[in-house]
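*Asks:* Sequence:
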Amino acid sequence: MANPSMYAKGLTACLSLLLAACAGGGGVEPPKTIPTAQLLAAPQFKVGGKIVDSYGNEGTITELNEKPDLPITMSPDSQGRLKAYSVVRRYWREVSWDPSRSGYVTEPMWGSVFAYTTPEGKIYRLEALSNPQINTGFGITKTQSPTRHEMLPLEDNGGKLITCCENGSSRFAPGYLTDSRFGAWMAPNGQVQFFNGGVLADEAQLPGAAQNGGVPKGKVTYEVIGIRIKNGMAMTSAHDTAKKDNSLLTVNFNTGKLGGRILGNSDFGGDIDFNDVSVSGNAFSGTAVSEGKTGQVSGHFFGKPGYRKPAGSEIGGQVDFGNGNLNAVFGGSSVRHNAADTSRDLNHLNR
95 MANPSMYAKG
105 LTACLSLLLA
115 ACAGGGGVEP
125 PKTIPTAQLL
135 AAPQFKVGGK
145 IVDSYGNEGT
155 ITELNEKPDL
165 PITMSPDSQG
175 RLKAYSVVRR
185 YWREVSWDPS
195 RSGYVTEPMW
205 GSVFAYTTPE
215 GKIYRLEALS
225 NPQINTGFGI
235 TKTQSPTRHE
245 MLPLEDNGGK
255 LITCCENGSS
265 RFAPGYLTDS
275 RFGAWMAPNG
285 QVQFFNGGVL
295 ADEAQLPGAA
305 QNGGVPKGKV
315 TYEVIGIRIK
325 NGMAMTSAHD
335 TAKKDNSLLT
345 VNFNTGKLGG
355 RILGNSDFGG
365 DIDFNDVSVS
375 GNAFSGTAVS
385 EGKTGQVSGH
395 FFGKPGYRKP
405 AGSEIGGQVD
415 FGNGNLNAVF
425 GGSSVRHNAA
435 DTSRDLNHLN
445 R
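Residue numbers (the numbering used here): 95 to 445.
To be clear, the hints were calculated from the coordinates, so they are not data collected in a lab.
Just to be clear, a hint being listed does not mean it is correct.
No more than 25 angstroms apart at the CA atoms, straight line, and that leaves these computed lysine-lysine pairs for PhoX-like [said to hold, decoys possible]:
#1 Lys144 <-> Lys177
#2 Lys338 <-> Lys236
#3 Lys311 <-> Lys351
#4 Lys177 <-> Lys161
#5 Lys351 <-> Lys403
#6 Lys236 <-> Lys337
#7 Lys351 <-> Lys398
#8 Lys311 <-> Lys403
#9 Lys403 <-> Lys324
#10 Lys403 <-> Lys161
#11 Lys398 <-> Lys311
#12 Lys161 <-> Lys144
#13 Lys403 <-> Lys338
#14 Lys177 <-> Lys398
#15 Lys398 <-> Lys387
#16 Lys387 <-> Lys351
#17 Lys398 <-> Lys161
#18 Lys387 <-> Lys337
Work out the full structure: start from the sequences and follow the hints.
*Replies:* Dropping the structure here:
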């Protein structure tokens, strides 16, 4: 297993390199070497593994439990599994202002830890290095994000992984996720498995449902990003953090329809147009078109209600074209909702 402190240094170095070099589009050269992902517990799911929290504290897992309050709903064809865990770890706490108080402590990590279980049963914690690289830092003048990404290699010949998104930025709505994740895992033999999942939205708490007998109403517009896998690399749809007209999907609960477009580019390929997608409660299905081909759409609305936001503030799904270069997974978060909207169109809400 890779040393977690070296892993953290690799993360900083990798992000610094990418942020300094990113010019948008497919011209950005990814780093030649990417640190391996830290296993959460693989191949056996057990304590004793190393873990690093968001503050850089390296510790040893002493307790590891799947969270029953965060049941993860996956796409029906997913062979691997996305799960959320609570983690208790033991680590050295340094108290700089009073060294006598420094010492080992055992305490729970804050929040949930998401992990992906491969079809072979190997479990990997989702790390920030498995995110697509997006230009969100302050002071960055090149706001077009790269569209070609190396997938993160996993230890123990576990294949490669890309996920969205850990520690997401509010400046990047598609990756500003708390209750869902989406991405792709590539087996050592090159077989690709898309996945998306999360805490399924309670239908009775979707926009407008509380005032409408439990039936949602109004409209929600989501900003999303799509991922395709080509030649062992992840290709993402076009995105510019300086613009508001990125890839948008809008659901109209008044009509039970969803529409919009994921914007393509030379790496990702053609746009994906959601032309005939129906909504049923917290799920949706239908068809989309890309490069003249029709694909099958399936997905869900995720997320618990929170401050000034209803349930279903996150979205995730897949489009299966029966073509490895066109198949895609997508996800994102809402940028505007209006339960009082009585329209019956699929025009995006103004931001």
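*Asks:* Determine for every hint whether it applies to the structure shown.
*Replies:* Here's how the hints hold up against the structure:
1. Lys144 <-> Lys177: 18 angstroms, holds
2. Lys338 <-> Lys236: 16 angstroms, holds
3. Lys311 <-> Lys351: Holds. Lys311 to Lys351 sits at ~11 angstroms (cutoff 25 angstroms).
4. Lys177 <-> Lys161: 8 angstroms, holds
5. Lys351 <-> Lys403: Holds: Lys351 and Lys403 sit about 21 angstroms apart, inside 25 angstroms.
6. Lys236 <-> Lys337: Cα-Cα ~12 angstroms, so holds.
7. Lys351 <-> Lys398: 22 angstroms, holds
8. Lys311 <-> Lys403: Within the cut-off at roughly 14 angstroms; holds.
9. Lys403 <-> Lys324: 36 angstroms, violated
10. Lys403 <-> Lys161: Between Lys403 and Lys161 the Cα gap is close to 23 angstroms, so the pair holds against 25 angstroms.
11. Lys398 <-> Lys311: 17 angstroms, holds
12. Lys161 <-> Lys144: 20 angstroms, holds
13. Lys403 <-> Lys338: Satisfied, since the Cα-Cα distance of roughly 20 angstroms is no more than 25 angstroms.
14. Lys177 <-> Lys398: 16 angstroms, holds
15. Lys398 <-> Lys387: 35 angstroms, violated
16. Lys387 <-> Lys351: 21 angstroms, holds
17. Lys398 <-> Lys161: 15 angstroms, holds
18. Lys387 <-> Lys337: 28 angstroms, violated
Violation of the numbered hints given earlier is confined to hints 9, 15 and 18; the remaining hints are satisfied by the structure.
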